[in-house]
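Here the protein sequences come in this chain order: A and B.
First residue of the first sequence: -12, per my numbering; consecutive thereafter.
First residue of the second sequence: 227, per my numbering; consecutive thereafter.
No incorrect hints appear here.
Label pairs and their in silico Cβ distance ranges:
#1 B:Arg286 <-> A:Arg50: 43 to 53 Å
#2 A:Asp130 <-> B:Leu280: 32 to 42 Å
#3 A:Ser5 <-> B:Arg443: 40 to 50 Å
#4 A:Ser133 <-> B:Leu280: 41 to 51 Å
#5 B:Glu417 <-> A:Ser127: 50 to 60 Å
So these bits of chain B aren't anywhere near chain A, every CB distance computed over 10 Å:
#6 Tyr237
#7 Glu283
#8 Phe296
#9 Gly305
#10 Ile316
#11 Gly390
#12 Arg404
#13 Val408
#14 Ser430
#15 Ala437
By construction, these hints were calculated from the structure, which means they are not laboratory data.
Ideal Cβ placement from N, Cα and C applies to all residues, glycine included.
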Amino acid sequence: MSTGPAAPFLDLRDIRVSYGSNEVLKGVNLSVRQGEVVVIIGPSGSGKSSLLRTVNMLQPVTRGEIVLEGEDLLSGKQDVNKVRQRVGMVFQHYNLFPHLTVLKNLTLVPRRVLREPTAESEARARELLAKVGLADKVASYPDQLSGGQQQRVAIARALMMRPHVMLFDEVTSALDPQLVREVLNVMKDLARSGMTMLVVTHEMSFAREVGDTLVFMADGVVVEKGHPADVLDRPSHDRTRQFLSHTDA
Amino acid sequence: MNDWIWPVAAYLGQGLLVTLWISLLTVLLATVLGLLIAALSRSTLSLARLIGRLYVEVFRGVPSLMILLFVFFALPQIGLRTGPLTAAIIGLGLWGGANIGEVFRGALNSIPYRQEQGARALGLSATEALVFVILPQAFRRALPPYVGQLTVLVQASALTSVVGVSDLLGSARQMIERLAYVGAGGSHAIEIYLGVLSIFFVISYSLTALASLIERRLRV
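Please take these sequences and the hints and turn them into a complete structure.
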């Protein structure tokens, strides 16, 4: 994959997150190069989703630093909404807007917030929908689509903002097994196109095939990280070994 | 001999206009109050939420007729004097506002947090998320119970005859009494009440039909 510049594209330093007295992230460090695909695995409650959410500031951070493309996101000087337009996010439950057609789901923010001409945003929406294999669904409503189709719409919707990095939070966990592949294929294409991606998933084959780096988290810390094949086949920590023994890696 | 029909119908027509007028103003007042209460319920200030909560609990906890009588007969004793029509509108509006406020609040709360989260993740501000994502969905969900409350308010307008408003029901009662007194072949209570009943039914049914039409159009 691509080799980034010397300074990391995204740098998470000593990220700490607490809910009351419960600390869910206990000082996480993670550097991401431009174009790198970082796959994050770990048991539920390990803090991997919280970590992902800190990057687009949906999750307030108790302490730590997040530097994206050289800008300190937590300096208080950043416009949160502008940052989020650069950081695309896709959720487990798609979060499509049920009152809007697929096309309008994609064009809502470009038209209403970025004030793009309708023709321009619709053209880009159609292009992205074609890319995820849903060119014929522009006029459908989300509830007329399968879960896999909805998730592909959600990916296209996030791409409408021309994000510099994409976050995927267990995007195949709510899908029937036969629908998982169509979503993973879209993500593979995206990775090949050079998109920087942080992917929280339970799909070990995806981690192995597409990931540049695999991060294993448990109890709010990064236990182990490295090349996916190394971590999956030769884990160096007991905690990792224990977790992987319960998966079909 | 049916020569009593036309004078009675003309008089009831006047009453119907009063009923429609009361209903319209009551609905407007109750809707404005309802929106205010729903907004209070989502306020970040706990005092604002408490005020909204208290209002709803108090006005939903007492009979509408009681509020009406209180506004018309009790408030004048502390100097707040109103005519019967105004008292009727204020009393029913205050009562309806609590119920409609609950409808709006329930509709807003029924929109899952994921929707807001999805909108915010795309870079919408909290206000933009509310305007473009939450409210359009809440509106669709609120519509059926909201229209239900409107029909309740139209029907409750019949209570205003108690404080001396010559609404549809009030006019009907006056006519029945007069017919019984002049002895024009009896009071004709059956015919007149059936007529009044039909009119209320037609108004309510039209509202419900209109609502289901809008529902279909909006894909609720």
